[in-house]
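Trainee: One-letter residues, chain by chain:
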Amino acid sequence: MNVPAAWYLILAAVLFGIGAFGVLTRRSALIMFMCIELMLNAVNLTFVTFSRTLSDIGGQASVFFVMVVAAAEVTVGLGIVVAIFRRRSSTSVDELSEMKG
Amino acid sequence: MIAATYALPSVLIFVTTAIMVLVGATGVLALKNPVHSTISLIMTLFGVAIAFVAQSADFLAAVQIIVYAGAIVVLFLFVIMFLGVDRPDATRVEPLVGQRPFAAAGVLVTVAGIIALMARSHWVTGAMSVSSNGTPLASSAGNVKELGTAVFTTYLFAFEATSALLIIAVVGAIVLSRRERTADLEEDA
Numbered sequence: 001m002n003v004p005a006a007w008y009l010i011l012a013a014v015l016f017g018i019g020a021f022g023v024l025t026r027r028s029a030l031i032m033f034m035c036i037e038l039m040l041n042a043v044n045l046t047f048v049t050f051s052r053t054l055s056d057i058g059g060q061a062s063v064f065f066v067m068v069v070a071a072a073e074v075t076v077g078l079g080i081v082v083a084i085f086r087r088r089s090s091t092s093v094d095e096l097s098e099m100k101g
Numbered sequence: 001m002i003a004a005t006y007a008l009p010s011v012l013i014f015v016t017t018a019i020m021v022l023v024g025a026t027g028v029l030a031l032k033n034p035v036h037s038t039i040s041l042i043m044t045l046f047g048v049a050i051a052f053v054a055q056s057a058d059f060l061a062a063v064q065i066i067v068y069a070g071a072i073v074v075l076f077l078f079v080i081m082f083l084g085v086d087r088p089d090a091t092r093v094e095p096l097v098g099q100r101p102f103a104a105a106g107v108l109v110t111v112a113g114i115i116a117l118m119a120r121s122h123w124v125t126g127a128m129s130v131s132s133n134g135t136p137l138a139s140s141a142g143n144v145k146e147l148g149t150a151v152f153t154t155y156l157f158a159f160e161a162t163s164a165l166l167i168i169a170v171v172g173a174i175v176l177s178r179r180e181r182t183a184d185l186e187e188d189a
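Line by line, the protein sequences give chains A and B. All letters in the first sequence, in the order written, are residues 1 to 101 by my numbering. All letters in the second sequence, in the order written, are residues 1 to 189 by my numbering.
In isolation and in its complexed conformation, chain A is listed as follows (with noise of 0.2 Å):
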């Protein structure tokens, strides 16, 4: 008998944890990128966890597709990084505070 799907789940939910962790207290924006990378893979693990599960293809897709939106969103991300470090010489997202009050 195989590994049961708890398990896999729990990895998944400790992963997201972590990356939740990162976001909220790195302050470079490079690594609250990778930390929400870190996020949208545990969420493909449930997903595919709760595929094999329910024996629906439907999971797996909708991996496929969340693949897409983050290397779109990853492309964008890095643009706004490239931009910003351009006009300000750091990723650090405290010193962005011209929109505070």
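Don't take each hint at face value.
[Said to hold, decoys possible] If you want the footprint, here are the derived chain B segments under chain A, 3+ residues with CB under 8 Å:
id: 1; stretch: 17-25
id: 2; stretch: 37-47
id: 3; stretch: 58-68
id: 4; stretch: 71-82
id: 5; stretch: 103-113
id: 6; stretch: 160-174
[Stated by the list, open to error] Restraint-style ranges between C-beta atoms, simulated for each label pair:
id: 7; chain 1: A; residue 1: Leu96; chain 2: B; residue 2: Ala105; range: 19 to 29 Å
id: 8; chain 1: B; residue 1: Thr5; chain 2: A; residue 2: Ala83; range: 53 to 63 Å
id: 9; chain 1: A; residue 1: Glu98; chain 2: B; residue 2: Leu108; range: 31 to 41 Å
id: 10; chain 1: A; residue 1: Arg87; chain 2: B; residue 2: Thr5; range: 57 to 67 Å
id: 11; chain 1: B; residue 1: Leu108; chain 2: A; residue 2: Ala6; range: 13 to 23 Å
id: 12; chain 1: A; residue 1: Met99; chain 2: B; residue 2: Ala105; range: 46 to 56 Å
id: 13; chain 1: A; residue 1: Lys100; chain 2: B; residue 2: Pro9; range: 49 to 59 Å
In short, the hints are calculated from the structure, not lab data. Note that CB positions come from ideal geometry on N, CA and C, so glycine has one too.
Please arrange chain B on chain A, whose structure you already have, making use of the hints.
Mentor: This is chain B only, laid out in the frame that chain A set:
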């Protein structure tokens, strides 16, 4: 005891996957150098790919390696080297007082809530085989064929929309990251 209950190979694969994923994810957070964080991210992505293979999602595992480890991580590394931000991040500074404890508490509550919810629903939600008319997925040989059929029939409109999304993202990235040189060009001409 666990190995007696479940097949030993699947337990070994799961333990390997879990170690790779958790060590890699912790490394992304803990390492000071952004390049090291990116390398650590690769380990997590490979761990998730192994988990995909173990759950008979072969095509997604290949895409995970090619797109994530091959393209996205290289893009990260390229931007890090391009900007020259591979010096250590000032993580010791904590501008917001108590941000980390609050973040840790919030994350712990969220993860515990997710696990409790899944445990209450006996780890499976909904009925079996909602969309596949009761035919189970091929469990041993992978299910590339089923995935291809689903993507090109049921999810065809979403698939076409992703192509438009990718084009828009590429154009947007070029517009965002190019330098403004139109004024200089006009002066030269």
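Trainee: For the range 53 to 63 Å, tell me whether the beta carbons of Thr5 of chain B and Ala83 of chain A fit it or not.
Mentor: holds, 54 Å
Trainee: Take the C-beta atom of Leu96 of chain A and the C-beta atom of Ala105 of chain B, compute their distance, and say whether it sits inside 19 to 29 Å.
Mentor: 26 Å Cβ-Cβ, so the 19 to 29 Å window holds.
Trainee: Are three or more residues of the stretch 71-82 of chain B within 8 Å, CB to CB, of chain A?
Mentor: Answer holds; 7 residues pass the 8 Å Cβ test.
Trainee: How does the Cβ-Cβ distance of Leu108 of chain B and Ala6 of chain A compare with 13 to 23 Å: does it lie in that range?
Mentor: About 19 Å separates the Cβ atoms of Leu108 of chain B and Ala6 of chain A, which means 13 to 23 Å holds.
Trainee: Between the stretch 37-47 of chain B and chain A, see if three or more residues pass the 8 Å beta-carbon test, and mark the coverage as holds or violated.
Mentor: holds (count 5)
Trainee: At least three residues with a C-beta closer than 8 Å to a C-beta of chain A: is that true for the stretch 17-25 of chain B?
Mentor: Contact hint for the stretch 17-25 of chain B vs chain A: holds, 5 residues under 8 Å.
Trainee: Counting residues of the stretch 160-174 of chain B with a beta carbon closer than 8 Å to any beta carbon of chain A, are there 3 or more?
Mentor: The restraint on the stretch 160-174 of chain B holds, since 9 of its residues have a Cβ under 8 Å from chain A and three suffice.
Trainee: Tell me whether the statement that chain A covers the stretch 103-113 of chain B is true, taking a Cβ distance below 8 Å and needing three residues at minimum.
Mentor: holds (count 7)
Trainee: Return holds or violated for the Cβ distance of Glu98 of chain A and Leu108 of chain B against the range 31 to 41 Å.
Mentor: For Leu108 of chain B against Glu98 of chain A, whose Cβ atoms are near 34 Å apart, the range 31 to 41 Å holds.
Trainee: I want to verify a distance hint. Is the separation of the beta carbons of Met99 of chain A and Ala105 of chain B within 46 to 56 Å?
Mentor: Given a distance of about 28 Å, which is not inside 46 to 56 Å, the answer is violated.
Trainee: Please check whether Lys100 of chain A and Pro9 of chain B have a Cβ separation lying inside 49 to 59 Å.
Mentor: holds, 55 Å
Trainee: The stretch 58-68 of chain B covered by chain A? Criterion: 3 or more residues, Cβ-Cβ distance below 8 Å.
Mentor: n = 6 at 8 Å, threshold three: holds.
Hint compliance for this structure: hint 12 is the single one not met.
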